[in-house]
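Peer 1: Just so you know, the protein sequences line up as chains A and B, in that order.
Each position in the first sequence, counted from 1, maps to that position plus 14 in the working numbering.
Each position in the second sequence, counted from 1, maps to that position plus 20 in the working numbering.
Incorrect hints may appear among the rest.
[Unchecked claim] Pairs of lysine-lysine, DSSO-like flavour, derived with a Cα cap of 27 Å:
id	chain 1	residue 1	chain 2	residue 2
1	A	K120	A	K30
2	A	K465	A	K285
3	A	K68	A	K204
4	A	K148	B	K354
5	B	K385	B	K425
6	A	K204	B	K301
7	A	K285	A	K352
8	B	K211	A	K445
9	A	K285	B	K211
10	A	K68	B	K301
11	B	K425	B	K395
12	A	K100	B	K34
13	A	K127	A	K25
14	B	K343	B	K385
15	A	K204	B	K343
16	B	K425	B	K256
17	A	K465	A	K445
18	A	K68	B	K42
19	B	K385	B	K395
20	B	K354	A	K68
21	B	K297	B	K343
22	A	K68	B	K86
23	B	K86	A	K148
24	B	K343	B	K358
25	B	K358	A	K68
26	B	K297	A	K204
27	B	K42	A	K148
28	B	K256	A	K445
29	A	K68	A	K100
30	B	K354	A	K204
[Said to hold, decoys possible] Listing some non-contacts, in silico: residues in chain A with all C-beta distances to chain B over 12 Å:
id	residue
31	A16
32	S206
33	E224
34	A385
Everything labelled a hint here was simulated from the structure, so no lab data went into it.
Predicted model only: the values in this text are computed from it and were never measured.
Even glycine gets a Cβ: it sits at the ideal position worked out from N, Cα and C.
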Amino acid sequence: MAFSDTFFAFKFGITKRDLERYLSEALSRGGDYADLYFEYLATSSISIDESIVKSATQGVSLGVGVRVLSGERTGYAYSDDLSPEKIMHAAHVAALIASGPAKVDKINLDEGKRRNLYPVLTAPSDTAFRERVKLAERADIAGRAYDPRVFQVQVSYADNLRQVMVATSDGVINFDRQPLARMGVFVLAKGSEGSPQQGHAGGGGRHELEFFENELTPEHFAREAARQAIVQLDAVEAPAGEQIVVLGPGWPGILLHEAVGHGLEADFNRKGVSAFSGRIGQQVASPLCTVVDDGTIAGRRGSLNVDDEGNPTERNVLIENGILRGYLQDKLSSRITKAAATGNGRRESYEHIPMPRMTNTFMLAGESDPAEIIRSVPRGLYCANFGGGQVDITSGNFVFSASESYLIEDGKLTRPVRNATLIGNGPEAMKYVSMVGHDLKLDEGVGVCGKEGQSVPVGVGIPTVRIDRMTVGGTA
Amino acid sequence: MDTADDFLLEVAQKAVRQAIAKGATDVECTIAEGEEFSAAVRMGELETLKDAGSRGAGLRVLIGRKMGSSYTSDLTPEGISQMVESAVYLAGLTTEDPHAGLPDAEDLGKLSADLELFSNETANLPTEERISLAKRAEAAALAFDPRITNSEGGSFDCSVSGRVFANSRGFAGAYRASYCSITAVPVASDKNGSDQGSMERDYWFTMARDYRGLEDPESVGRIAAQRALRRLGATKVDTQNVPVIFEPRIARSLLGNLFEAVEGRSIYRNASFLAGKLGEKIAGDNFTLIDDGTIPRLFGSSPFDDEGVPTRRTVVIDRGVLKSYLLNVYTARKLGMKTTGNASRGITGNAGIGHGNFFMQPGEKSPEDILRGVKNGFYVTELIGSGVNTVTGDYSRGAVGMWIKDGELAFPVSEVTIASTLPRMINGIAEVGSDLEFRGSVSAPTLMIGEMTVAGR
Numbered sequence: 015m016a017f018s019d020t021f022f023a024f025k026f027g028i029t030k031r032d033l034e035r036y037l038s039e040a041l042s043r044g045g046d047y048a049d050l051y052f053e054y055l056a057t058s059s060i061s062i063d064e065s066i067v068k069s070a071t072q073g074v075s076l077g078v079g080v081r082v083l084s085g086e087r088t089g090y091a092y093s094d095d096l097s098p099e100k101i102m103h104a105a106h107v108a109a110l111i112a113s114g115p116a117k118v119d120k121i122n123l124d125e126g127k128r129r130n131l132y133p134v135l136t137a138p139s140d141t142a143f144r145e146r147v148k149l150a151e152r153a154d155i156a157g158r159a160y161d162p163r164v165f166q167v168q169v170s171y172a173d174n175l176r177q178v179m180v181a182t183s184d185g186v187i188n189f190d191r192q193p194l195a196r197m198g199v200f201v202l203a204k205g206s207e208g209s210p211q212q213g214h215a216g217g218g219g220r221h222e223l224e225f226f227e228n229e230l231t232p233e234h235f236a237r238e239a240a241r242q243a244i245v246q247l248d249a250v251e252a253p254a255g256e257q258i259v260v261l262g263p264g265w266p267g268i269l270l271h272e273a274v275g276h277g278l279e280a281d282f283n284r285k286g287v288s289a290f291s292g293r294i295g296q297q298v299a300s301p302l303c304t305v306v307d308d309g310t311i312a313g314r315r316g317s318l319n320v321d322d323e324g325n326p327t328e329r330n331v332l333i334e335n336g337i338l339r340g341y342l343q344d345k346l347s348s349r350i351t352k353a354a355a356t357g358n359g360r361r362e363s364y365e366h367i368p369m370p371r372m373t374n375t376f377m378l379a380g381e382s383d384p385a386e387i388i389r390s391v392p393r394g395l396y397c398a399n400f401g402g403g404q405v406d407i408t409s410g411n412f413v414f415s416a417s418e419s420y421l422i423e424d425g426k427l428t429r430p431v432r433n434a435t436l437i438g439n440g441p442e443a444m445k446y447v448s449m450v451g452h453d454l455k456l457d458e459g460v461g462v463c464g465k466e467g468q469s470v471p472v473g474v475g476i477p478t479v480r481i482d483r484m485t486v487g488g489t490a
Numbered sequence: 021m022d023t024a025d026d027f028l029l030e031v032a033q034k035a036v037r038q039a040i041a042k043g044a045t046d047v048e049c050t051i052a053e054g055e056e057f058s059a060a061v062r063m064g065e066l067e068t069l070k071d072a073g074s075r076g077a078g079l080r081v082l083i084g085r086k087m088g089s090s091y092t093s094d095l096t097p098e099g100i101s102q103m104v105e106s107a108v109y110l111a112g113l114t115t116e117d118p119h120a121g122l123p124d125a126e127d128l129g130k131l132s133a134d135l136e137l138f139s140n141e142t143a144n145l146p147t148e149e150r151i152s153l154a155k156r157a158e159a160a161a162l163a164f165d166p167r168i169t170n171s172e173g174g175s176f177d178c179s180v181s182g183r184v185f186a187n188s189r190g191f192a193g194a195y196r197a198s199y200c201s202i203t204a205v206p207v208a209s210d211k212n213g214s215d216q217g218s219m220e221r222d223y224w225f226t227m228a229r230d231y232r233g234l235e236d237p238e239s240v241g242r243i244a245a246q247r248a249l250r251r252l253g254a255t256k257v258d259t260q261n262v263p264v265i266f267e268p269r270i271a272r273s274l275l276g277n278l279f280e281a282v283e284g285r286s287i288y289r290n291a292s293f294l295a296g297k298l299g300e301k302i303a304g305d306n307f308t309l310i311d312d313g314t315i316p317r318l319f320g321s322s323p324f325d326d327e328g329v330p331t332r333r334t335v336v337i338d339r340g341v342l343k344s345y346l347l348n349v350y351t352a353r354k355l356g357m358k359t360t361g362n363a364s365r366g367i368t369g370n371a372g373i374g375h376g377n378f379f380m381q382p383g384e385k386s387p388e389d390i391l392r393g394v395k396n397g398f399y400v401t402e403l404i405g406s407g408v409n410t411v412t413g414d415y416s417r418g419a420v421g422m423w424i425k426d427g428e429l430a431f432p433v434s435e436v437t438i439a440s441t442l443p444r445m446i447n448g449i450a451e452v453g454s455d456l457e458f459r460g461s462v463s464a465p466t467l468m469i470g471e472m473t474v475a476g477r
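For reference, chain A alone in the conformation it holds in the complex:
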């Protein structure tokens, strides 16, 4: 594809020469490095509540972010107007982070290598709106049909198509077209006594709309959400104190995201404020644990052809057989620490400064039979599903909330347990992993990760795992 046929050139008449001029302006005060992030985002969303399509929204936002690095300093400005004057002004403002004569005199841009991890011909956002409403309606019907105790079903469907162009003073331009769709179902059920209980399920990815026809259907999400709500109707209070905990496969991989992933982001480690700082080569998990962050899995929610700084995403081994191997880098941290790029520089939008972020983070499969793992536990907690989690990267303490869990008694799952928070310490908790199942599963595509006010889509995954010691925050 010729540059003139690329999205921003075609739609807004931007030329390579323009980009070179903006980058020169950004470096005019002596900055070491500059980049431009052009973004055009079209979003659609639908919500159904009480079987009424209560909202249908569409919109467009666009803009450009200009970043200048000068040593460890970052200057940042953006504009929601792509006229040359406004972009030059943003470049001028970002340039002010440095002071001195320009060090770079000419930038010649070449296009980066292209690949396509999400070869979506028709993005969901380019599909008839009515088709998407129909999908959401199917989830509503299936949720209500699941069980007479279901009394509320709320369905949300959202998709977006993000067009991105990143031009850097290293002389590279990268383009990406990033489709993303997600459906979520939230169900409330009520028994003859006791309070209502909730269940939710959802998923999606960087696919065409047919994904919801052929892979994960609205009915699948609706039944799963309803099943969780019904299970909770009979739940007993969660135990309190240290327990043996078994995590089920899939979404419980959020444990890795919180316990390990955030603590390995290079910005925290460069500054020495992470519980994992300076621990490369050390044992931080049981030898059964190998954890990777992989932004290259086709169609996944956390995958990207190039990260938001124009670097190709990669498969990065974070922990190998329990030994800490590496950090997740963005451009700033890799420049300062002279580390190789890992393709983890991400941002929420053109208004945001990129940071090291996860993509799809998961633990590789082990050798144990999942049923055998459960049988091995005399008394403990089995966690099938989680809500959110959070970590204090400095102390390493992390929590996550079990939304569907069961008591394990004499090697069998017995009663369901009400919501409980699990808490542990990052570099310590993973040392207690004593069995890893052969059933690695990635989540269905719902994850949103928040860091310093920026949200990005991510994926997680884990096989069935036994952790010999973890504190469960119940009341019983």
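Start from chain A and add chain B according to the hints.
Peer 2: Just chain B, lined up with the frame of chain A:
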């Protein structure tokens, strides 16, 4: 109001007229513009400078009782036309909803008093001074104690925003607001270069509409340093049931949970443990909870809500009795009630519900006196995780704090959880402190819950 607002108001009114011309029966248009500034310093050096602005418009259109919405960041006539087309088209695809609609004409309006939400001097504060405020806060933290060995930095953040709102029932209004804050995030360590010992981080901040209302940066840095230091050497405790004190910063989060339980959406959907409890005694006599969007200079104040309804003071819980929910027009109609002026929206989608200044009435006792009354208990200074279920009221969160022995803060505690249920907690508030201060739009004094389960070893 200045010429920029006049221009945006004109854009909004034009969008409303266009949508009516395209067949809409009712329309409202919101325009938000904002400039943000952030200066972050770390270890005494400027680290990040961000300075930029953007704006966007959102449109909600009704055709009879069917509703569609759209938004755009392109405020040119073409951008606006496209937004109008899109919302009108989408309204044709949604379902008839008998409760959908704009506020009744008599509910529209705005407060006439000046809420002093905008400070021109703050908007124009020179960059050098902004950087200096951030540097001073961090420097004070680093200088406080040799065990403050590292820092995630100091920052000065400032935003100036404008809001314009017009609808087809004759409402047109605009206001501006400014906001600034200083934050320090020091890291304390007693590792002395070894692998032993611990590393802890904490933060403190000050915020104001006008920079002259900020607390001095040195005190922000010192408090942040003290907070990080007292966490050093934290241990787990045994699992037990004890009284739990929430310091004000943490008590606020409990109010945040209660907000979710009293906002109209969760009520009409029966997704709150407080649904159907209006008029009932749900908490102790010492619990009075108020939402007030009319207090000058505060962070939750505005002259009208995001549907063009004037803000007001609503007593949500009066001495333990649930008196009112917080509603926008839609949820009020669902419940057969009147809006409380709590509509809140961004540029995209429909109006949800937000609070104004949401706070708990203070009590008589000083925090020190409350502490003195506890023989064995837990003083919570940080909560992490999202383990609060407002449907059932189940409550379980990760906690950090200090263990209380014989009325004094004895030693730091971490990696534990606290658990109970929200109904039990608000019924079991043993003490309410006198130390209410408005540091943000949700405010609470020190609170003591009679008993919670602390899970540790």
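Peer 1: Hint by hint, note whether the structure agrees.
Peer 2: Here's how the hints hold up against the structure:
1. This hinted pair checks out: K120(A) and K30(A) have alpha carbons roughly 13 Å apart, not beyond 27 Å.
2. The hinted pair formed by K465(A) and K285(A) meets the criterion: a straight-line CA distance of about 16 Å does not exceed 27 Å.
3. Restraint check: the Cα-Cα separation between K68(A) and K204(A) comes to about 23 Å, which is no more than 27 Å; the hinted pair holds.
4. Note on K148(A) and K354(B): the hinted pairing holds, with a Cα-Cα distance of about 25 Å set against a maximum of 27 Å.
5. Restraint check: the Cα-Cα separation between K385(B) and K425(B) comes to about 19 Å, which is no more than 27 Å; the hinted pair holds.
6. The straight-line distance between the Cα atoms of K204(A) and K301(B) is roughly 24 Å, inside the 27 Å bound, and the hint therefore holds.
7. Between K285(A) and K352(A) the CA atoms are separated by roughly 14 Å; this keeps the pair inside 27 Å, and the hint holds.
8. With a C-alpha separation of about 21 Å, the suggested pairing of K211(B) with K445(A) holds against the 27 Å cut-off.
9. As the CA atoms of K285(A) and K211(B) are separated by approximately 16 Å, the hinted pair is consistent with the 27 Å bound.
10. Restraint check for K68(A) and K301(B): the C-alpha separation of about 34 Å exceeds 27 Å, so the hint is violated.
11. Proximity of K425(B) to K395(B) is assessed by CA-CA distance (about 5 Å); at most 27 Å being required, the pair is judged to hold.
12. With a C-alpha separation of about 25 Å, the suggested pairing of K100(A) with K34(B) holds against the 27 Å cut-off.
13. Of the pairs offered as hints, the one joining K127(A) and K25(A) holds, with about 22 Å between alpha carbons and a cut-off of 27 Å not exceeded.
14. The hinted pair formed by K343(B) and K385(B) meets the criterion: a straight-line CA distance of about 25 Å does not exceed 27 Å.
15. Only pairs whose Cα atoms come within 27 Å are accepted, and K204(A) paired with K343(B) is accepted, the gap being roughly 26 Å.
16. Using a Cα cut-off of 27 Å, the hinted pair K425(B) and K256(B) holds, with the two alpha carbons roughly 15 Å apart.
17. With a C-alpha separation of about 26 Å, the suggested pair K465(A) and K445(A) falls inside the 27 Å cut-off, and the hint holds.
18. Of the pairs offered as hints, the one joining K68(A) and K42(B) holds, with about 21 Å between alpha carbons and a cut-off of 27 Å not exceeded.
19. With a CA separation close to 17 Å, the supplied pair K385(B) and K395(B) stays within the 27 Å bound.
20. Annotation: proposed proximity of K354(B) to K68(A) holds, straight-line Cα distance about 13 Å (limit 27 Å).
21. For the hint linking K297(B) to K343(B), the alpha-carbon distance of about 9 Å falls within 27 Å, and the restraint holds.
22. Among the hinted pairs, K68(A) with K86(B) is consistent with the structure: their alpha-carbon atoms are about 8 Å apart, no more than 27 Å.
23. Under the criterion of a C-alpha separation no larger than 27 Å, the hint pairing K86(B) with K148(A) is consistent with the structure, at around 17 Å.
24. For a cut-off of 27 Å, the pair hint linking K343(B) to K358(B) stands: about 13 Å separates their Cα positions.
25. For the hint linking K358(B) to K68(A), the alpha-carbon distance of about 20 Å falls within 27 Å, and the restraint holds.
26. Note on K297(B) and K204(A): the hinted pairing holds, with a Cα-Cα distance of about 17 Å set against a maximum of 27 Å.
27. The suggested pairing of K42(B) with K148(A) holds, with an alpha-carbon distance near 26 Å, which does not exceed 27 Å.
28. Taking the CA atoms of K256(B) and K445(A), the gap is near 18 Å; set against the 27 Å cutoff, the hint holds.
29. Of the supplied pair hints, the one linking K68(A) and K100(A) is violated, its CA atoms being roughly 38 Å apart against a limit of 27 Å.
30. The hinted pair formed by K354(B) and K204(A) meets the criterion: a straight-line CA distance of about 21 Å does not exceed 27 Å.
31. Every Cβ of chain B is farther than 12 Å from the Cβ of A16(A); the closest lies at roughly 26 Å, confirming the non-interface assignment.
32. Residue-level check passed: S206(A) sits 15 Å from the nearest beta carbon of chain B, beyond 12 Å.
33. With a cut of 12 Å on Cβ distances, E224(A) stays outside the contact zone with chain B, its closest approach being about 21 Å.
34. At the 12 Å boundary, the C-beta of A385(A) stays outside the reach of chain B, the nearest C-beta of that chain being 29 Å off.
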